[in-house]
Amino acid sequence: MAEKKENKKSFEEALKKLEEASEKMKSENITLEEAIKNYEDGIKYYKECSEILKKADQRIETLSK
Numbered sequence: 110m111a112e113k114k115e116n117k118k119s120f121e122e123a124l125k126k127l128e129e130a131s132e133k134m135k136s137e138n139i140t141l142e143e144a145i146k147n148y149e150d151g152i153k154y155y156k157e158c159s160e161i162l163k164k165a166d167q168r169i170e171t172l173s174k
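Numbered per this note's numbering, the sequence shown spans residues 110 to 174.
In short, the hints are calculated from the structure, not lab data.
Misleading hints may appear alongside valid ones.
To be verified - Within a straight-line C-alpha distance of at most 30 Å, the following computed DSSO-like cross-link-like pairs (lysine-lysine) qualify: (1) Lys133 / Lys117; (2) Lys153 / Lys125; (3) Lys133 / Lys164.
What the hints assert, rightly or not - Pairwise CB distance ranges (calculated): (4) Glu142 / Ile169: 38 to 46 Å; (5) Lys164 / Ala144: 24 to 32 Å; (6) Glu137 / Lys164: 36 to 44 Å; (7) Phe120 / Thr140: 24 to 32 Å.
Model, not experiment: these values are computed from the prediction.
Note that beta-carbon positions come from the ideal geometry of N, C-alpha and C, so glycine has one too.
My request is simple: use the sequences and hints to build the entire structure.
Put into structure tokens, the structure is as follows:
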């Protein structure tokens, strides 16, 4: 079970990667292929952040009952 957790990023790590992908896309010297790759990475990290927040919300909801 610990092995599964090690493969997952923390919210802060995923958010940092999302911000990095966003910053790279703002570069004026970026090729279309690099932009697409950064967009795909950004979507992946956005989904990771959303999933982590969703799980946290569910935990808070459970604790609030």
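Structure-based check of all given hints:
| no. | hint | verdict |
| --- | --- | --- |
| 1 | Lys133 / Lys117 | holds, 23 Å |
| 2 | Lys153 / Lys125 | holds, 12 Å |
| 3 | Lys133 / Lys164 | holds, 29 Å |
| 4 | Glu142 / Ile169: 38 to 46 Å | holds, 41 Å |
| 5 | Lys164 / Ala144: 24 to 32 Å | holds, 31 Å |
| 6 | Glu137 / Lys164: 36 to 44 Å | holds, 38 Å |
| 7 | Phe120 / Thr140: 24 to 32 Å | holds, 30 Å |
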